[in-house]
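All chains, please: the whole structure from these sequences, using the hints.
Taken in order, these protein sequences are the chains called A and B.
Taken in order, the first sequence gives residues 1 to 209; the numbers are from the UniProt record's numbering.
Taken in order, the second sequence gives residues 1 to 195; the numbers are from the UniProt record's numbering.
Derived by calculation from the structure, the hints in this document are not laboratory data.
Note that this is a predicted model, so its numbers are computed, not measured.
Just so you know, even glycine gets a beta-carbon here, dropped at the ideal spot from N, CA and C.
Don't take every hint at face value.
To be verified - Cross-link-like lysine-lysine pairs, in silico, DSS-like; alpha carbons within 27 angstroms at most:
| no. | chain 1 | residue 1 | chain 2 | residue 2 |
| --- | --- | --- | --- | --- |
| 1 | A | K198 | B | K72 |
| 2 | A | K80 | B | K37 |
| 3 | B | K37 | B | K88 |
| 4 | A | K26 | A | K55 |
| 5 | B | K5 | A | K26 |
| 6 | A | K26 | B | K37 |
| 7 | B | K5 | A | K55 |
| 8 | B | K140 | A | K112 |
| 9 | B | K5 | A | K198 |
| 10 | A | K178 | B | K140 |
What the hints assert, rightly or not - Covered stretches of chain A (in silico footprint by chain B; criterion: 3 or more residues with CB under 8 angstroms from a CB of chain B, positions within the stretch not fixed):
| no. | region |
| --- | --- |
| 11 | 13 to 25 |
| 12 | 34 to 47 |
| 13 | 61 to 67 |
| 14 | 173 to 186 |
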Amino acid sequence: MAAFSTAGESVNSYFNIDDILASQEKIPCSFNVDVAAMGYLDQSTTNVDISVGTKLELPFWLARYLYRGTRSIVSLETPKSYREGYRHILKADPNVVDLHRLGPFFYLFGGKLISFQLPDADDIASILLKTFQGRFRRIMDGSQNALHTDLTGQVSMLDEQERQLFAAGQQGLHDFQKWENRESEKLSTSVMIANHRKRKRIGVSTQPS
Amino acid sequence: MLAEKALDLIRELHRTSSGTLSPYNEDKIRQVLEEMKTLFEQNKDKAHSVAEGQTDQLSSIQLRHAGIQRNKRCLLAYLYNRLEQIRKMRWEFGSVLPPDVKYNMCEQEVQWFNQYNRLLANYMRSIGESGGLDLTQDMKPPKTLYVLVRCLLDHGEFETQDGNIILLKKNSQHYLLRSECEHLIRQGVLEHVVQ
Chain A
1 MAAFSTAGES VNSYFNIDDI LASQEKIPCS FNVDVAAMGY LDQSTTNVDI SVGTKLELPF
61 WLARYLYRGT RSIVSLETPK SYREGYRHIL KADPNVVDLH RLGPFFYLFG GKLISFQLPD
121 ADDIASILLK TFQGRFRRIM DGSQNALHTD LTGQVSMLDE QERQLFAAGQ QGLHDFQKWE
181 NRESEKLSTS VMIANHRKRK RIGVSTQPS
Chain B
1 MLAEKALDLI RELHRTSSGT LSPYNEDKIR QVLEEMKTLF EQNKDKAHSV AEGQTDQLSS
61 IQLRHAGIQR NKRCLLAYLY NRLEQIRKMR WEFGSVLPPD VKYNMCEQEV QWFNQYNRLL
121 ANYMRSIGES GGLDLTQDMK PPKTLYVLVR CLLDHGEFET QDGNIILLKK NSQHYLLRSE
181 CEHLIRQGVL EHVVQ
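Below, the structure written as structure tokens:
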């Protein structure tokens with residue numbers, strides 16, 4: 001059905017929902033200059049202005065805009081879940097970490113972080129790769145070999161992109177199973193309509209037939 | 001926080017499952033537009049004072065501008081992703097959408113849907129020599145000309161191409177031309193029975 005789906009859509013697309021949500025993740029910033037009349041961003045004070053040295057957690061999209069080279073309005077710190085401490089944990093055993101709690105868009109946001117020239121950008125880049133390499137085997141194992149098992153425990157620890165990968169693996173497994181049972185030629189109700197039915201409960205007969 | 005309301009719209013899209021369309025959130029869109037307007041007015045004022053030499057306002061202008069850009073992105077993404085969803089629905093549900101989906105669309109979206117419908121119909125008619133080609137058919141490669149189907153719902157009477165009228169009654173079985181009943185199978189009216 002690739003004819004009408006947008007499978008080739010890149011993650012960096014302007015309209016991509018995941019990308020928008022990932023760019024909402026917060027980065028600790030401190031202001032280098034006074035900013036007039038924007039004090040309402042800082043909920044801990046009632047000042048009208050933001051003064052020099054104020055520390056605030058700003059979403060990525062705003063930090064990206066305000067952080068430009070040496071004479072920028074804010075200076076940045078590495079967010080907590082990408083700092084040395086967490087990097088050690090991820091290095092020790094990536095499989096036990098609940099990435100969804102660490103940030104539902106761990107990889108996507110991490111990739112965005114690297115675009116800032118932070119001092120530990122290289123370390124972050126390598127830990128993103130190592131983490132994925134370490135976890136991939138388990139994701140693939142879980143999604144390819146468990147057809148009728150409850151995997152919610154495992155899935156709940158995956159970050160959003162890993163979940164998509166997991167779902168793709170499961171889909172592949174199900175399709176293969178269908179093919180093996182010679183069911184692949186069977187015409188079926190479209191998934192979208194089935195979902196729609198489920199919500200509306202159309203076709204659920206109320207009178208005895 | 002800046003652009004918080006616009007993000008709510010995006011979260012709303014994120015929550016929506018594949019078979020549904022959430023109600024067009026006109027109220028929230030208006031609020032976002034108002035926020036953008038306020039930010040823009042403030043920036044316009046301050047830009048004048050910067051032009052007169054008060055450069056200390058520059059940083060706050062940049063901050064507000066970022067907010068405007070973000071709001072714009074969220075709004076456009078909201079509209080775009082809804083259109084994508086409606087477009088997918090055209091292929092799944094056919095040219096007539098269920099009333100509850102239609103009810104959740106705004107006027108412009110209904111217009112867009114009608115135009116898309118017309119474009120697609122014209123295109124499908126223009127393919128090939130005689131009478132065009134229905135692209136929504138044969139989503140899976142066909143193996144046989146006829147298929148055995150069982151009715152899942154009471155659908156009423158159905159006229160086949162050769163003029164016979166059959167009654168699609170719940171749990172009755174029929175042997176029909178694949179090309180005629182594929183749509184009904186996808187709609188969930190009939191079930192394909194594979195021996």
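Hints versus structure:
1. A/K198 x B/K72: Cα-Cα ~35 angstroms, so violated.
2. A/K80 x B/K37: violated, 35 angstroms
3. B/K37 x B/K88: Roughly 33 angstroms separates the two Cα atoms, so the pair is violated.
4. A/K26 x A/K55: holds, 12 angstroms
5. B/K5 x A/K26: holds, 17 angstroms
6. A/K26 x B/K37: holds, 25 angstroms
7. B/K5 x A/K55: holds, 23 angstroms
8. B/K140 x A/K112: violated, 40 angstroms
9. B/K5 x A/K198: Given pair B/K5, A/K198 is violated - Cα atoms ~30 angstroms apart, limit 27 angstroms.
10. A/K178 x B/K140: holds, 14 angstroms
11. 13 to 25: holds (count 7)
12. 34 to 47: holds (count 6)
13. 61 to 67: Holds: 4 residues of the region 61 to 67 of chain A have a Cβ under 8 angstroms from chain B.
14. 173 to 186: Our answer is that it holds, as 5 residues pass the Cβ test (under 8 angstroms) against chain B, meeting three.
Violation of the numbered hints given earlier is confined to hints 1, 2, 3, 8, 9; the remaining hints are satisfied by the structure.
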